[in-house]
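Okay, here's what each chain looks like letter by letter:
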Amino acid sequence: MPDTRNAIDVRNAVKRYGSFTALQSITLSIRDNEFFTLLGPSGCGKTTLLRMIAGFEDVTEGEIFLFGEEIENLPPHQRPVNTVFQNYALFPHMTIEENVMFGLEMRGSSRDAARKKACEMLELVQLTPFSARKPSQLSGGQQQRVALARALAPQPKVLLLDEPLSALDLKLRQAMRSELKSIQRETGITFTFVTHDQEEALTMSDRIAVMSAGRLQQLGEARDIYERPVNRFVADFIGETNLLDARLEAVDASVATCRLGNGLTLECDAIGNARPGADVHISIRPERMTLAAANGDPWRGTVKENIFVGTDVQTVVQLQGGIALTVRTQNSAAGVATILDPGTEVAITVEAGAARMLED
Amino acid sequence: MAGAAATGGSARSNTYASARNWLLLPSWAVLCIFVLAPVAMMLVYSFLTKEFRGGVIWEFTLAAYDQFFFDRGLFGDEPARIDWTYILIFWRSIWQAGLATLLALLIGFPTAYFIATRPARTRTVWVFLITIPYWVNLLIRTVSMKFLLRDQGPLNDFLLATGLIDDPIRIINTNAAVQIGLFYSYLPFMVLPIYASVERYNFALSEAAADLYASKWTTLRRIVIPSVRPGIIAGCILVFVPSLGAFLAPDLLGGAKNFMIGSLIEEQFKGNAGNWPFGAAASMILLTLVLVILMFLARQQARADREATP
Chain A
1 MPDTRNAIDV
11 RNAVKRYGSF
21 TALQSITLSI
31 RDNEFFTLLG
41 PSGCGKTTLL
51 RMIAGFEDVT
61 EGEIFLFGEE
71 IENLPPHQRP
81 VNTVFQNYAL
91 FPHMTIEENV
101 MFGLEMRGSS
111 RDAARKKACE
121 MLELVQLTPF
131 SARKPSQLSG
141 GQQQRVALAR
151 ALAPQPKVLL
161 LDEPLSALDL
171 KLRQAMRSEL
181 KSIQRETGIT
191 FTFVTHDQEE
201 ALTMSDRIAV
211 MSAGRLQQLG
221 EARDIYERPV
231 NRFVADFIGE
241 TNLLDARLEA
251 VDASVATCRL
261 GNGLTLECDA
271 IGNARPGADV
281 HISIRPERMT
291 LAAANGDPWR
301 GTVKENIFVG
311 TDVQTVVQLQ
321 GGIALTVRTQ
331 NSAAGVATIL
341 DPGTEVAITV
351 EAGAARMLED
Chain B
1 MAGAAATGGS
11 ARSNTYASAR
21 NWLLLPSWAV
31 LCIFVLAPVA
41 MMLVYSFLTK
51 EFRGGVIWEF
61 TLAAYDQFFF
71 DRGLFGDEPA
81 RIDWTYILIF
91 WRSIWQAGLA
101 TLLALLIGFP
111 TAYFIATRPA
121 RTRTVWVFLI
131 TIPYWVNLLI
141 RTVSMKFLLR
151 DQGPLNDFLL
161 ATGLIDDPIR
171 IINTNAAVQI
181 GLFYSYLPFM
191 VLPIYASVER
201 YNFALSEAAA
211 DLYASKWTTL
221 RRIVIPSVRP
231 GIIAGCILVF
241 VPSLGAFLAP
251 DLLGGAKNFM
261 IGSLIEEQFK
271 GNAGNWPFGA
281 AASMILLTLV
291 LVILMFLARQ
301 QARADREATP
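Sequence lines, in order, name chains A and B.
1 is the number of the first residue of the first sequence in the working numbering; add one for each residue after it.
1 is the number of the first residue of the second sequence in the working numbering; add one for each residue after it.
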């Protein structure tokens, strides 16, 4: 029996199109009141999963529960969840107010009650002066907020958002992030958000499910996923990282010693059940290493290039054995002082706990 | 330098403007020769005096219009009474054409919707199938329809064989036959514009409606139909207007009792018994009627367009 406190429970959900499997047995729970994000590259199945929750796609196998109630066989108009569509899908022949009223009327509200509620919703998204306009008379950002108001108006148990910010320009997208987050807090409605933008996911979500190739790769809080990725895909997809091939030398209690191809060794937390001698991967975030003038340390190399990226400077350092590492240095007085010209020898310090061992 | 460039630019746009007038000349010529001239000719003829063996005498008179609306007795010396004969024929034609349009819409809309929702590759096949009958002349198709609907025709044979009826039903020479004929003749004109609209329809809107608790029927009524209204209006015009003036289907399938405007006008120009001014007057009245209906629909369409794009 599923936990009735969970907003959504997906149990072994499989989606096949003919012989193609879009989702391979997904099991996950979305808690009540949380901002939950399905994150992954295009084609990973995140939108398919969202559409299965909304009811637009059949579930080939498995179950979906909404607060403990099985819903995977209900048609979309009988599921108390609402969707904010990627291209908004506002009704072009209706005014903004009529758009927002639509769901309320369909649920049996009187016109007056619907109008009153629509008014509140338009206030929430700051579009009150536009209520009599048609969608085509609004900018993309405004249309986006109408779509949000329309989906929120019937007070769904869960709000589904299908890449709602992808059609907006950068500035607007960043503004909408905090607005979405605050609306979520204000309304207390569970948000399930689909995106391929890891920055969006990291900044807004309470928890993130990283998906790839129809599989759930990792589920956790933003910090957890960034700091402790479980595999190469997650480490690479979320943020930037240096991925190195290594061999597990020894495991002592919780500390694993790994040897890189060029003979250098690193200590990291032991995870999984890899035995000494196994091939593993190491992920080191560029901002978790620092540069210094060359000394006798074995962790040294030659600066290949410095790339200025505004807030940081990325330095590519060539180590022996064909290994290149990218190090990020903050663009501050103290940071800039450590940056050396290409061709010079530098020493690299890897922060304690920065190296993460990955099995696959 | 900048000034010279600006002058050059405006000189070029002038060149385009004069070229445009020349390039439009062929279309203006076609319009004048094939549309405006015949209509003007009809307008003039409708005010002329009839010649008894067809043709006209160049003498101005309102006799043709008078004959259409008023009855002044056999010798034309009685006080004028409104003559309902021709008005009734018009009324019956409008009724018939309206009914045929409605029938075409009821069958055409689901057909168009069905085609537009097929995968892109099979869509063209369906559209092709819809247009195939148009490779055969309308007269031949209407005659074939007559054969199909006969008392001993394939339709009755089929119905008898299935046991649905015990005696052949009389279809030919009834209003129903005219309906079937008109419906069959003009159905593609309903299907194709609606198909074009539905194909452009954003089906995410239907999903959004379902997401907002609308049933399939409500979605169709409140979202789909308003969105494809331009196609529906275009289809209705394209079926209604030719149905109104049709004479093949009423003549061949409706028999003598189901006279329509088209047949009435056609007879005025046939052989020696005709009355050219009267035929021209009836044509002008029909044209006026159609224009009024079209203007009304065009206004509706303009309103719908304004709503879709500001």
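None of these hints come from the bench; they were simulated from the model.
Any given hint could turn out to be false.
To be verified - Reference excerpt, derived from the structure (chain B facing chain A, CB under 8 Å, subset only):
hint, residue
1, I107
2, P110
3, T111
4, T131
5, I132
6, N175
7, A210
8, Y213
9, P230
10, A234
Just so you know, even glycine gets a beta-carbon here, dropped at the ideal spot from N, CA and C.
Okay, the hints, checked on the actual structure:
no. : hint : verdict
1   : I107 : 25 Å, violated
2   : P110 : 21 Å, violated
3   : T111 : 23 Å, violated
4   : T131 : 30 Å, violated
5   : I132 : 32 Å, violated
6   : N175 : 37 Å, violated
7   : A210 : 4 Å, holds
8   : Y213 : 4 Å, holds
9   : P230 : 11 Å, violated
10  : A234 : 17 Å, violated
Checked against the numbered hints given earlier, the structure breaks hints 1, 2, 3, 4, 5, 6, 9, 10 and satisfies all the rest.
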